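J.: Chain residues, written in single-letter form:
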Amino acid sequence: MSEQFEQGVAALRNQIDARISSYLSSCVHCGICAEACLFYTETQDPRYTPIHKIEPLKKLWKTENTFWGKMAKSMGLIEPLTESDFAQWEELIYDSCTLCGRCSMVCPVGNDITYMIRKIREGFSVAGYAPDGMKEATKRALNIGSPMGVTLKTLKAALAHVERDTGLSIPIDKANADYMTLFSSMEIVNFPEYIESIAKIFDTAGVSWTISSKAFEATNSGIQIGNRDAAAELVGRVVNAAETLGVKYVVSPECGHAYTAIRWEGPNLIGRAYDFEVIHILELLDKLKVEGRIKLSGKDDTPMTLHDPCQIVRRGGVVDPPRNLLNSVADHFTEMQDHGVMNWCCGGGGGVSANERAEPLRLKAFDRKKHQLEELGVNTMVTACANCRIILEEGLEHNEMDTEVVSLTELLAEHLQSGNT
Amino acid sequence: MIGEFIDGPLWYFSITAFVIGVVWRIVAIVRAGLKPDLSIARGSAGSGAVRAIFSRFVPERTVTTRSRLQLIAGYMFHVGLLVLLFFAQPHVDFIAERITGFDWPAVPHWVFIVTAEFAFAGLILLWLHRVLNPVTRLLSDLDDHIGSILVFLVMLTGCLALAQSHESLRLLHLFLAEVFLIYFPFSKLMHAFTFVMSRGYTGATMGRKGVNA
Amino acid sequence: MRTPAHHKTVPHALGVFGIYLLGLCLLLFSTLVDAQEKQPKELPTVQMMNPAAEFWRDVRQRSAPVSGKTQVGGVETGVLINATGDRWRQFRMSQLIPISGYILGGMVILLVAFYAIRGRVPIEGGMSEHKLPRYTGYERMIHWFMASIFIFLAVTGLILLFGRPLLIPVLGKEGFSILASASKEGHNLMGPLFLLALVMIIIQFVRRNIYQKGDLSWLIRGGGIIGKKHVPSNFFNMGEKTMFWLLVFVGGLIGVSGLILVFPVLGLGREIMALAHVGHAIGAILMITVIIGHIYIGTVGMEGAIEGMKTGYCDLNWAKEHHDLWASKAEENGEALSNQEVAKMRGDRGSVPPVHSGLQESGK
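Residue numbers (the working numbering), protein chains in the order written: chain A, 1 to 421; chain B, 1 to 213; chain C, 1 to 364.
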């Protein structure tokens, strides 16, 4: 037990780079980040202040990297990082943070608090202090290939279904295709319409694409639980498959953290740049639309709003494509007051949705989205993340609201003008 | 005799400790290292960094309602302190004589006084916010309080010496300023320099991703 | 039932009262000074020895200051000797300072005696398991802002007032001159912040401080301090309301007269300056006396009284005993929180047990 804890502390120590050192030197404990965090605003519990969540990291840095800290430690005035710190903070780090990145946008000294929470999870996961749900999901992802236990067999069954419905054939393991698409398990299990939609769109646009039987899973539990090795292993599978097939692009699906994992963290995890590029499905659709390869017809006059998935928009940088796309099919698209890079999280990202223990807190935090929707008075919410979708639907059901949650890709497929090339 | 010590050796010691300490801290941060980012950038890291360094002077709308008083007090204190530090006549004279060798126009006396009022109000309100608000109460540690109190004492003794008629009052102010300078590099007061680095790092990361942070 | 219109007239009436009070002070001042003026006869009658005395007597213009002609621009530059200045000095030295000293000392002695007799007023029902939210963070912030400014100004002001009789014997003239210079500069610089704090306090608290039905009975029954029985009151009781209005009017008088003193550039003559000083001092002594009582209740005088201002929450039993009308309504509205909830909201360390992590369950 103690040995594993030591390893956790060592892993945590490894995370302290120039960024974290400057962040910890700069934080003046002003607490402004609290107002940006939905777990704080909805509960008013000061423990949910974002910067408070990284207290163990701060303690380690202080006792090992600062003058007073070292002195106080040697004089026995403060005790070093203990296992009970880990036990106490586990809930704060995993249950009350979705890595949504909103706090990082408001910090007056510019600290990327989310980055630090992502990094502190590295130490916690090594020390064994992580929620069971997330541990299990990571184990499944490593052993089976999907956090939800989706196998190739399941995928093939879903694809057969799609082929039957659309009359299209779905290319698997096609070498030298332009695009290799990934899916999140949730899409395969809960939203096969998404697969159907992209099959239709790609067919219409004449996109050369394929699915790899070796690596079709986009989600990365290693990123969520904060385990470098696991994350690198999962990214590596996709990279190997894509490079073996010789594709030009890997398409990240409508899933938030999958995009962050493969697009931004991936190359750093495996320690090299890819031979291919990563593109998010929304970026690709926007590109196809701009190039005139797909035409959209018939605007929907239902009032709609857009829920920005944090990892795609704020942390991913895909800010304009969803808006361009939605505007081209919706006549009455109104933004929520906080939108784009300042949107409010659904409450279930960053692994929180895989953590059963966090459910009551997550549903409480959903009050923020509820408030936003009531303020706007729009009953159709478009989004582009399977996880957001599930979480939003659960929250709406819990609050007995009749808002409809729609996938942007699926919405676009409905408005696809077929045979236009 | 003690006056000569404060005015002479202690001043040189404190300013040296300050400069070396600050440089040492900044070098230590940089030396902690940063791995190169291997992902393909969407935007420019450099312009992202520069943007964040300046854009973070303006608070996001989401925090401007409930933290309003804290923000106003924050501006009052920080802007006030900077003006006092670099544009009050006695300070201009002091810096010109001891450090730079040249002087620059100081603000008129009444601006100096009004600025001091603002800075005091801001600092007192910020410290009260620190001890009264549940969030800051939970976050604050000894260093935060020592820093606040030291700045307050330096400012207070400065204003007590406003008449410039008693050498001992000037020396008291100078002595506290020296303590402040020595304490500075070892403490959270370093944020006066490191905020540029923090904003820069975050801005660069976000800039690469194509997000205006 | 009193109509709300009636409530509005109360502060107005108080304003008038305040002005009367001020007038009374000034009147008192002038009569005392006149009395002083009429009896300088204790000096032995000495035959005129200085041949220039007649001349200086004319220059001095005992009856009323006469303005001569001068090329020096400015207020009262045509007056050679202003005789009223001496009246002001006399008043300050022989009445203002000693009487103020007796008043402040008396207040302290009174409170010590009161404490000896009555002791700390306890919460009779004991601390309950519940609390009521009493003051918001903003309210507590401006209260303590006012408090810190007030205490600083009171201390520096008292140093200036009592320096000669009390501090010079201790510090010596050299030492006191340093302290006096520092106090004067600090007092002048912080002074305007008192007005800022006052405005913030007025805006935030005025509505809860309007006198209403039941306040009079509180007064008649001595606020429950004399007897053993507590008297019901609303959010603020009659005593607190009166202190608020004293702060508004006497504090306002102190602030305005202070500004006149700090800014002689406004073109006001010495007479007005002397009056401003006297008003400032009398008002301040009155206010300090009241605030000593206020601090007494908050610190040693009453159990639970300071909780609301310190933490934002007050004990439910305390609220019921001292502010029953407000407390009952707040409790009915379901505002009461358990002590545990309050501890959580305040982020008291250790208020929340750590969740059981997966560590134990995964068999390590």
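Just to be clear, a hint being listed does not mean it is correct.
Derived pair list, reagent style DSBU-like, types lysine-lysine, alpha-carbon separation capped at 30 Å [to be verified]:
id, chain 1, residue 1, chain 2, residue 2
1, B, Lys35, A, Lys248
2, C, Lys310, A, Lys135
3, B, Lys35, A, Lys364
4, A, Lys174, A, Lys59
5, A, Lys295, B, Lys35
6, A, Lys135, A, Lys156
7, A, Lys370, A, Lys174
8, C, Lys173, A, Lys370
9, A, Lys289, A, Lys299
10, A, Lys174, A, Lys156
11, A, Lys73, A, Lys153
12, A, Lys299, A, Lys287
13, A, Lys364, C, Lys184
14, A, Lys248, A, Lys174
15, A, Lys174, A, Lys135
16, A, Lys299, A, Lys370
17, C, Lys310, A, Lys59
18, A, Lys73, A, Lys59
19, A, Lys364, C, Lys69
20, A, Lys289, B, Lys35
21, A, Lys370, B, Lys35
22, A, Lys70, A, Lys153
23, C, Lys344, A, Lys59
Partner residues are not named here, just some residues of chain A that face chain B (Cβ under 10 Å, in silico) [claimed, not checked]:
id, residue
24, Ala18
25, Ala34
26, Glu35
27, Arg47
28, His52
29, Gly266
30, Gly271
31, Val329
32, Asp331
33, Phe333
34, Thr334
35, Leu416
Restraint ranges, calculated between C-beta atoms of paired labels, are given here [unchecked claim]:
id, chain 1, residue 1, chain 2, residue 2, range
36, C, Val75, B, Val19, 33 to 39 Å
37, B, Val111, C, Val75, 22 to 28 Å
38, C, Pro98, B, Val23, 34 to 40 Å
39, C, Phe55, B, Gly3, 24 to 30 Å
40, C, Val199, B, Gly101, 56 to 62 Å
Please keep in mind that the hints were generated in silico from the structure rather than gathered at the bench.
This structure is a prediction, so every number in the text was calculated from the model and none was measured.
The beta carbon of each residue, even a glycine, is placed where N, CA and C say it ideally should be.
J.: Hints first: check each against the structure and report whether it holds.
T.: Checked hints:
1. At roughly 26 Å between alpha-carbon atoms, Lys35 (chain B) and Lys248 (chain A) fall within 30 Å of each other, so this suggested pair holds.
2. Between Lys310 (chain C) and Lys135 (chain A) the CA atoms are separated by roughly 44 Å; this puts the pair beyond 30 Å, and the hint is violated.
3. Taking the CA atoms of Lys35 (chain B) and Lys364 (chain A), the gap is about 38 Å. The hint is violated against a cut of 30 Å.
4. Taking the CA atoms of Lys174 (chain A) and Lys59 (chain A), the gap is near 52 Å; set against the 30 Å cutoff, the hint is violated.
5. Distance check on the hinted pair: Lys295 (chain A) and Lys35 (chain B) sit about 43 Å apart at the alpha-carbon level, beyond 30 Å; violated.
6. The hinted pair formed by Lys135 (chain A) and Lys156 (chain A) meets the criterion: a straight-line CA distance of about 27 Å does not exceed 30 Å.
7. For the hint linking Lys370 (chain A) to Lys174 (chain A), the alpha-carbon distance of about 44 Å lies beyond 30 Å, and the restraint is violated.
8. With a C-alpha separation of about 71 Å, the suggested pairing of Lys173 (chain C) with Lys370 (chain A) is violated against the 30 Å cut-off.
9. Of the supplied pair hints, the one linking Lys289 (chain A) and Lys299 (chain A) holds, its CA atoms being roughly 15 Å apart against a limit of 30 Å.
10. Of the pairs offered as hints, the one joining Lys174 (chain A) and Lys156 (chain A) holds, with about 15 Å between alpha carbons and a cut-off of 30 Å not exceeded.
11. Distance restraint check for Lys73 (chain A) and Lys153 (chain A): the Cα-Cα separation of roughly 56 Å exceeds the 30 Å cut-off, and the hinted pair is therefore not satisfied.
12. The hinted pair formed by Lys299 (chain A) and Lys287 (chain A) meets the criterion: a straight-line CA distance of about 20 Å does not exceed 30 Å.
13. A C-alpha spacing of about 55 Å is found between Lys364 (chain A) and Lys184 (chain C), which places the hinted pair above 30 Å, so the restraint is violated.
14. Straight-line distance between C-alpha atoms of Lys248 (chain A) and Lys174 (chain A) comes to about 12 Å, which keeps the hinted pair within the 30 Å bound.
15. Note on Lys174 (chain A) and Lys135 (chain A): the hinted pairing is violated, with a Cα-Cα distance of about 34 Å set against a maximum of 30 Å.
16. Between Lys299 (chain A) and Lys370 (chain A), the direct Cα distance comes to roughly 27 Å. Compliance with the 30 Å bound is thereby established for this hinted pair.
17. Using a Cα cut-off of 30 Å, the hinted pair Lys310 (chain C) and Lys59 (chain A) holds, with the two alpha carbons roughly 29 Å apart.
18. Taken as a hint, the Lys73 (chain A) and Lys59 (chain A) pair is honoured in the structure, with Cα atoms around 11 Å apart against an allowance of 30 Å.
19. Among the hinted pairs, Lys364 (chain A) with Lys69 (chain C) is inconsistent with the structure: their alpha-carbon atoms are about 81 Å apart, more than 30 Å.
20. For a cut-off of 30 Å, the pair hint linking Lys289 (chain A) to Lys35 (chain B) is broken: about 37 Å separates their Cα positions.
21. For the proposed pair Lys370 (chain A) and Lys35 (chain B), the alpha carbon gap of about 40 Å is over 30 Å, so the pair is violated.
22. About 56 Å separates the Cα atoms of Lys70 (chain A) and Lys153 (chain A), which puts this hinted pair outside 30 Å; it is violated.
23. For the given pair, Lys344 (chain C) sits about 22 Å from Lys59 (chain A) by alpha-carbon distance, which is consistent with the 30 Å threshold.
24. Taking 10 Å as the C-beta cut-off, the interface hint given for Ala18 (chain A) holds, the closest approach to chain B being about 4 Å.
25. Hint status for Ala34 (chain A): holds, given a least beta-carbon distance of 5 Å to chain B, under 10 Å.
26. The interface hint given for Glu35 (chain A) is met, as the beta carbon of that residue sits about 4 Å from the closest beta carbon of chain B, less than 10 Å.
27. Among the interface hints, the one on Arg47 (chain A) holds; its C-beta lies about 7 Å from the nearest C-beta in chain B, closer than the 10 Å criterion.
28. Checking His52 (chain A) against chain B by beta carbon gives a least distance of about 6 Å; that is within 10 Å, so the hint holds.
29. Interface hint at Gly266 (chain A): satisfied, since its Cβ lies 7 Å from the closest Cβ of chain B, which is below the 10 Å cut-off.
30. Here the hint on Gly271 (chain A) is kept, as its CB sits about 7 Å from the closest CB of chain B, short of 10 Å.
31. Because the closest C-beta pair between Val329 (chain A) and chain B is about 24 Å apart, greater than 10 Å, the hint is violated.
32. Below 10 Å, beta-carbon pairs count as interface contacts, and Asp331 (chain A) has none with chain B, the closest being about 27 Å; its hint is therefore violated.
33. The interface hint given for Phe333 (chain A) is violated, since its Cβ lies 21 Å from the closest Cβ of chain B, which is over the 10 Å cut-off.
34. The beta carbon of Thr334 (chain A) is not positioned within 10 Å of any beta carbon in chain B (closest approach about 17 Å), and the interface hint is therefore violated.
35. A hinted interface residue such as Leu416 (chain A) counts as satisfied when its beta carbon comes closer than 10 Å to some beta carbon of chain B; here the least separation is about 27 Å, so the hint is violated.
36. Restraint check, Val75 (chain C) to Val19 (chain B): a C-beta distance of roughly 50 Å breaks the suggested window 33 to 39 Å.
37. Look at Val111 (chain B) against Val75 (chain C): about 24 Å separates their beta carbons, and that is inside 22 to 28 Å.
38. Here the CB-CB span from Pro98 (chain C) to Val23 (chain B) is close to 60 Å, at odds with the stated 34 to 40 Å.
39. A C-beta distance of roughly 48 Å is found between Phe55 (chain C) and Gly3 (chain B), which places it outside the suggested range of 24 to 30 Å.
40. The hinted window of 56 to 62 Å between Val199 (chain C) and Gly101 (chain B) is violated, with their beta carbons roughly 45 Å apart.
The structure shown violates the earlier hints numbered 2, 3, 4, 5, 7, 8, 11, 13, 15, 19, 20, 21, 22, 31, 32, 33, 34, 35, 36, 38, 39 and 40.
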